[in-house]
Amino acid sequence: MELLESIIECLRRIRERKPLIHNITNFVVMNETANAILCIGALPIMSHAAEEVQEMVGIANCLVLNIGTLSPDWIDAMIAAGKAANKKGIPIVLDPVGAGATRLRTESCRRLLSELRISSVRGNLAEVAALVGIASEVRGVESIAAADSPERVAQALAETYGCTAAVTGATDIVCDGSRLARISNGHPLLGKVVGTGCMSTAIVGAFAAVEPDPFTASAAALTAFGIAGELAATVSGDRPGTFHVELYNALYALSEDHVRSAAKIEIANVG
Amino acid sequence: MELLESIIECLRRIRERKPLIHNITNFVVMNETANAILCIGALPIMSHAAEEVQEMVGIANCLVLNIGTLSPDWIDAMIAAGKAANKKGIPIVLDPVGAGATRLRTESCRRLLSELRISSVRGNLAEVAALVGIASEVRGVESIAAADSPERVAQALAETYGCTAAVTGATDIVCDGSRLARISNGHPLLGKVVGTGCMSTAIVGAFAAVEPDPFTASAAALTAFGIAGELAATVSGDRPGTFHVELYNALYALSEDHVRSAAKIEIANVG
Amino acid sequence: MELLESIIECLRRIRERKPLIHNITNFVVMNETANAILCIGALPIMSHAAEEVQEMVGIANCLVLNIGTLSPDWIDAMIAAGKAANKKGIPIVLDPVGAGATRLRTESCRRLLSELRISSVRGNLAEVAALVGIASEVRGVESIAAADSPERVAQALAETYGCTAAVTGATDIVCDGSRLARISNGHPLLGKVVGTGCMSTAIVGAFAAVEPDPFTASAAALTAFGIAGELAATVSGDRPGTFHVELYNALYALSEDHVRSAAKIEIANVG
Numbered sequence: 035m036e037l038l039e040s041i042i043e044c045l046r047r048i049r050e051r052k053p054l055i056h057n058i059t060n061f062v063v064m065n066e067t068a069n070a071i072l073c074i075g076a077l078p079i080m081s082h083a084a085e086e087v088q089e090m091v092g093i094a095n096c097l098v099l100n101i102g103t104l105s106p107d108w109i110d111a112m113i114a115a116g117k118a119a120n121k122k123g124i125p126i127v128l129d130p131v132g133a134g135a136t137r138l139r140t141e142s143c144r145r146l147l148s149e150l151r152i153s154s155v156r157g158n159l160a161e162v163a164a165l166v167g168i169a170s171e172v173r174g175v176e177s178i179a180a181a182d183s184p185e186r187v188a189q190a191l192a193e194t195y196g197c198t199a200a201v202t203g204a205t206d207i208v209c210d211g212s213r214l215a216r217i218s219n220g221h222p223l224l225g226k227v228v229g230t231g232c233m234s235t236a237i238v239g240a241f242a243a244v245e246p247d248p249f250t251a252s253a254a255a256l257t258a259f260g261i262a263g264e265l266a267a268t269v270s271g272d273r274p275g276t277f278h279v280e281l282y283n284a285l286y287a288l289s290e291d292h293v294r295s296a297a298k299i300e301i302a303n304v305g
Numbered sequence: 035m036e037l038l039e040s041i042i043e044c045l046r047r048i049r050e051r052k053p054l055i056h057n058i059t060n061f062v063v064m065n066e067t068a069n070a071i072l073c074i075g076a077l078p079i080m081s082h083a084a085e086e087v088q089e090m091v092g093i094a095n096c097l098v099l100n101i102g103t104l105s106p107d108w109i110d111a112m113i114a115a116g117k118a119a120n121k122k123g124i125p126i127v128l129d130p131v132g133a134g135a136t137r138l139r140t141e142s143c144r145r146l147l148s149e150l151r152i153s154s155v156r157g158n159l160a161e162v163a164a165l166v167g168i169a170s171e172v173r174g175v176e177s178i179a180a181a182d183s184p185e186r187v188a189q190a191l192a193e194t195y196g197c198t199a200a201v202t203g204a205t206d207i208v209c210d211g212s213r214l215a216r217i218s219n220g221h222p223l224l225g226k227v228v229g230t231g232c233m234s235t236a237i238v239g240a241f242a243a244v245e246p247d248p249f250t251a252s253a254a255a256l257t258a259f260g261i262a263g264e265l266a267a268t269v270s271g272d273r274p275g276t277f278h279v280e281l282y283n284a285l286y287a288l289s290e291d292h293v294r295s296a297a298k299i300e301i302a303n304v305g
Numbered sequence: 035m036e037l038l039e040s041i042i043e044c045l046r047r048i049r050e051r052k053p054l055i056h057n058i059t060n061f062v063v064m065n066e067t068a069n070a071i072l073c074i075g076a077l078p079i080m081s082h083a084a085e086e087v088q089e090m091v092g093i094a095n096c097l098v099l100n101i102g103t104l105s106p107d108w109i110d111a112m113i114a115a116g117k118a119a120n121k122k123g124i125p126i127v128l129d130p131v132g133a134g135a136t137r138l139r140t141e142s143c144r145r146l147l148s149e150l151r152i153s154s155v156r157g158n159l160a161e162v163a164a165l166v167g168i169a170s171e172v173r174g175v176e177s178i179a180a181a182d183s184p185e186r187v188a189q190a191l192a193e194t195y196g197c198t199a200a201v202t203g204a205t206d207i208v209c210d211g212s213r214l215a216r217i218s219n220g221h222p223l224l225g226k227v228v229g230t231g232c233m234s235t236a237i238v239g240a241f242a243a244v245e246p247d248p249f250t251a252s253a254a255a256l257t258a259f260g261i262a263g264e265l266a267a268t269v270s271g272d273r274p275g276t277f278h279v280e281l282y283n284a285l286y287a288l289s290e291d292h293v294r295s296a297a298k299i300e301i302a303n304v305g
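Chains as they are written, first to last, in our numbering: chain W, 35 to 305; chain L, 35 to 305; chain H, 35 to 305.
Hints may contain errors.
Any copy, or any two copies together, can satisfy a pair, since identical chains are not distinguished.
Said to hold, decoys possible - Heads up, simulated DMTMM-like pairs for lysine to aspartate or glutamate below, C-alpha to C-alpha not over 20 Å straight-line:
hint : residue 1 : residue 2
1    : LYS52     : ASP272
2    : LYS52     : GLU176
3    : LYS226    : ASP291
4    : LYS298    : ASP272
5    : LYS226    : GLU50
Hints are computed from structural coordinates only; laboratory data are not their basis. A quick note: this is a predicted structure, and the numbers were derived from the prediction, not measured.
Let's have the full structure, built from the sequences with the hints guiding it.
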């Protein structure tokens, strides 16, 4: 399977090149996403000041934008950093945390998607649905319901903004408008630790830094992250605190063998 | 014992209803309090932008305010969110982190208590004493001394602001002006991990979201949290890093049986 | 060996006096550095509001400044807090996170070093080189290369700003212009957990709060921290998530015996 080889190749490149992932992200998960990036083999930097984000983008290999605890000045910094990233030609990955919960979140994401060329978006069903005007309910940052399927929501976002859309849940859906991947890796305990969604977005960033095709990078990253979750749960049992610790261990230890034996991906063409 | 049944009923409701707890809290514990809320069975959201807090309150079941790394604009957002919470009729829980250490902290708390109807306050002895003008010494966020007993300090706050006051320490005291609870659950290792006080406040928020009587909610929450601390220490031994991890495991695993066998509460009438 | 006795004496004083360490630090490591300070036996406070930093310094025993997620208003608060610390006569420890990566970081550090009397600086090779104009490459917060040796970089900073300079890496170098220490404690896993550099700076702060000689405080602290890293790795094996947890356990458990049996320090006079 071609994507399986891509996962392995991406992991190899990340660990060899140590790409720098510039994150403008939320206060809740800054440490956790930085550790996820470091454990997979890349280097994280967190930087949000308007006075330095363009310069930081200049040495970065990918920009990850996450609106989890947004305020207007941080969105402005995201726009400035994003324009520099577009100019430089490095990928931008967006996590629309809580889109649909408030107008500020929904509209800020739409502004980012309109003013920047964003390669990949990673969110839950309700968040991504909100971005394309499909009715949904998000309770804080938790997806409760949406009026359409993850496949159609992902496709709608991909078509509207010309990006790769990843809608994560029990099955992760990745769609770039023409290709669609269904990834069945992952574990329910990922829903019992704060910030695992944000971590998965950060891992998409690490993969996007070494893989120019956003569809491949997103699908490969989410498969790898899902497998790490499965490995962690094997050790932790049903204990979320321990699972959190083991998730870092698993990201760090993730090997070609793990990927070959555990990956559960289906790829299809779409209309 | 009536409160014992309330703890069990609150836990059942939290896990069934998954109430949304809106936190405007400090940078140090955002991740930790969010994980505590998630582990007990509720849903956390961290949101502080003036542009969205009123709307976020609109979908929340409780508002938790914590001044641990306050700045004036965050206090303004707390006031705006608090007014929306009062209008909507959801409870507000306040953690006066470091009150008494600086004028900004003491006065910001008094402003919150004056301009908002706050259901419950949870702090250490020196912090709560500072709010009612009883001489105390707080070293950063650590209670060193106070000129009166926890019982009288709690009662003074309850009477001054018409709220439920929880003063936590070796024994936790909860008082609403007419009733007083003494809770002897907990473990010394809770003092060796940063943010366990803030976590206990967040857990009060989760209980307040499903139990309309603030006295019952506060006493039930602190008992549950103290029992979780005892369970965690059983596994961790005298290792604070491990204890921190086990505390999440214990909050997640906390069962009716744990509560029935471990709760140590006395209730009395006052004044 | 004299420094060995100083480490033990510092640990004893920290645990007896519980000095308050006031941190103005970055969002990524606030929780982690606070826990490191608490585990070694001191008390942490995080406070950044211009409205309260001077008052907080008034009850603190040391001020730690860390520019990891700086913005101009935070630098202003650092200056205000630093002037209060200088006036009161308590030590200031600086962590120049990411200096060299952006002009804002390099220039902010130089401003802090020029406007304040800073006792100790703790950074990696590229960061410290950037502060004294020696060519270096920093990828985000990771030291990639520098045009001179750690010994000469540390000495240059010490001489330029009249402070103690600590350049950490495989071997830690501490220099105050006349004395130079080489510390061979530590473990490669410290490079696999985000914020261990910031933690080591916070531990320098705890030692500086009880030891008036900045050279002794810095060298003693970095030796103690390195030994804690070694102890943690003994338990964790090659698992960074577990190592992170064990690092807190090791800081908490660090004893005279550990220090006596593990310390690897050489001291020399310099030109």
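Consistency of the hints with the structure:
1. LYS52 / ASP272: Intra 33 Å, inter 19 Å, cutoff 20 Å: inter-copy only.
2. LYS52 / GLU176: Close across copies (10 Å), not inside one copy (32 Å); limit 20 Å.
3. LYS226 / ASP291: Cα proximity of LYS226 and ASP291: none, with 27 Å in one copy and 22 Å across.
4. LYS298 / ASP272: neither (22 Å within a copy, 27 Å between copies)
5. LYS226 / GLU50: For LYS226 and GLU50, only the inter-copy Cα distance (15 Å) is at most 20 Å; the intra-copy one is 32 Å.
In terms of the numbered hints stated before, the structure departs from hints 3 and 4, listed from lowest to highest.
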